[in-house]
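**Q** Now for the letters of each chain:
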Amino acid sequence: MCKECGCGETNGNTRLQFTVKGYTEESAKEVEKALLGLPGVLFVHIHAHDGETTVDYSPAKTKLMDILGVLQARNLEAAL
Amino acid sequence: MAEIQVMKNILGENDRVAAENQALFAEKNVYVINLMGSPGAGKTSVLEKTMEKLKDKLKMAVIEGDLFTSKDADRIEKHGVPVIQINTAGGCHLDAPMVQKVAQKLDLDDLDLLVVENVGNLVCPAEFAVGEDDKGVVLSITEGDDKPMKYPLIFKESAIALLNKADLLPYCNFDMAAAKEDITTLHPGMDVIEVSCTKDQGLDAWCDWLLGRVAAKQKKGK
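Line by line, the protein sequences are chains L and H. Going by the UniProt record's numbering, the first residue of the first sequence is number 1, and it counts up by one from there. Going by the UniProt record's numbering, the first residue of the second sequence is number 1, and it counts up by one from there.
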């Protein structure tokens with residue numbers, strides 16, 4: 001965040017990057033919206049064609065399992 | 001899967017003091033809202049209209065946060081509401097110790113509502129609790145409908161968003177439906193109200209929202 005005042009050191013966010021196979025344009029948008037609605041999720045970017053998924057979130061507010069749960073609920077799976 | 005830790009949490013001390021503030025305000029049955037938004041969004045204008053409408057219904061006070069000057073506090077004072085100015089001397093947000101220091105100067109036993117108007121900034125204030133019950137964000141439509149997704153934290157943290165200067169909608173390239181969709185995507189169920197201080201639009205709904213929050217807090221405290 002703001003580097004002028006040192007706020008940038010404080011938000012405790014984690015950036016998670018993984019690949020998901022099987023996105024359609026529609027499901028990618030749906031997943032993006034569902035992830036953004038989770039507490040502490042500030043940014044989501046999905047490349048539907050290659051499945052690259054980036055999530056910026058606060059582990060203090062949302063567990064990794066909650067993020068993966070959004071995918072599983074749509075029969076999608078994150079791959080290493 | 002790559003998990004990259006990019007930040008560390010050093011908010012512990014602020015959170016501790018914020019909890020102390022919150023306990024004090026709970027003991028005194030004072031509902032506290034931390035009003036945030038960019039410079040020029042219209043936080044002080046919304047506050048002035050709020051005071052006009054609520055000062056006969058609620059006992060209010062205001063803590064004004066600004067980098068320098070008492071210009072906003074001077075505007076508030078004209079409405080006959082107790083106001084305390086905090087000058088952060090360049091600091092871009094209020095924090096809990098600042099609020100704790102000045103809260104002692106207020107007669108909390110004689111208050112229903114305390115508004116903390118934060119420093120004009122769409123980023124940092126959202127990261128710091130000051131002991132409030134709720135945060136609220138004022139976004140003027142002249143800032144652009146892209147701001148919720150560009151500055152998500154403030155919308156995540158706020159219980160209500162006031163989309164101000166709605167009277168200028170015909171003159172701005174602002175997609176109201178898209179902005180509301182983005183806000184409620186970031187914060188499902190969040191209250192969003194279009195307001196205009198110059199046309200007295202939406203302000204009754206905002207004041208009703210505040211009255212409801214104050215009543216809920218006072219009911220909880222009994």
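Hints may contain errors.
To be verified - With a straight-line cut-off of 27 angstroms between C-alpha atoms, the simulated BS3-like cross-links for lysine-lysine are:
hint : chain 1 : residue 1 : chain 2 : residue 2
1    : H       : K57       : H       : K78
2    : H       : K55       : H       : K220
3    : H       : K150      : L       : K63
4    : H       : K28       : L       : K29
5    : H       : K150      : H       : K55
6    : L       : K61       : H       : K217
7    : L       : K29       : H       : K150
8    : L       : K61       : H       : K150
9    : H       : K150      : L       : K33
10   : L       : K61       : L       : K29
11   : H       : K180      : L       : K33
12   : L       : K63       : L       : K29
13   : L       : K61       : H       : K180
14   : L       : K61       : H       : K57
15   : H       : K59       : H       : K180
What the hints assert, rightly or not - Chain H side only, calculated, beta carbon under 8 angstroms to chain L, not exhaustive:
hint : residue
16   : N87
17   : P152
18   : L153
No wet-lab data here; the hints were simulated from the structure. We treat Cβ as the ideally placed atom computed from N, Cα and C, and that holds for glycine.
**Q** So, for every hint listed, does it hold in this structure?
**A** For each hint, the structure was consulted:
1. H:K57 / H:K78: holds (18 angstroms)
2. H:K55 / H:K220: OK: K55 (chain H) and K220 (chain H) at ~22 angstroms, within 27 angstroms.
3. H:K150 / L:K63: holds (23 angstroms)
4. H:K28 / L:K29: Distance of about 46 angstroms is beyond 27 angstroms: violated.
5. H:K150 / H:K55: violated (35 angstroms)
6. L:K61 / H:K217: Between K61 (chain L) and K217 (chain H) the Cα gap is close to 25 angstroms, so the pair holds against 27 angstroms.
7. L:K29 / H:K150: Since the Cα atoms of K29 (chain L) and K150 (chain H) sit roughly 17 angstroms apart, the hinted pair holds (cutoff 27 angstroms).
8. L:K61 / H:K150: Measuring from Cα to Cα gives roughly 20 angstroms; hence the hint holds.
9. H:K150 / L:K33: holds (15 angstroms)
10. L:K61 / L:K29: holds (22 angstroms)
11. H:K180 / L:K33: Distance of about 13 angstroms is within 27 angstroms: holds.
12. L:K63 / L:K29: holds (21 angstroms)
13. L:K61 / H:K180: The given pair, whose Cα atoms are some 23 angstroms apart, holds under the 27 angstroms limit.
14. L:K61 / H:K57: Violated, because 37 angstroms separates the two Cα atoms, which is more than 27 angstroms.
15. H:K59 / H:K180: violated (32 angstroms)
16. N87: violated (15 angstroms)
17. P152: holds (5 angstroms)
18. L153: Nearest chain L Cβ about 6 angstroms off; hint holds.
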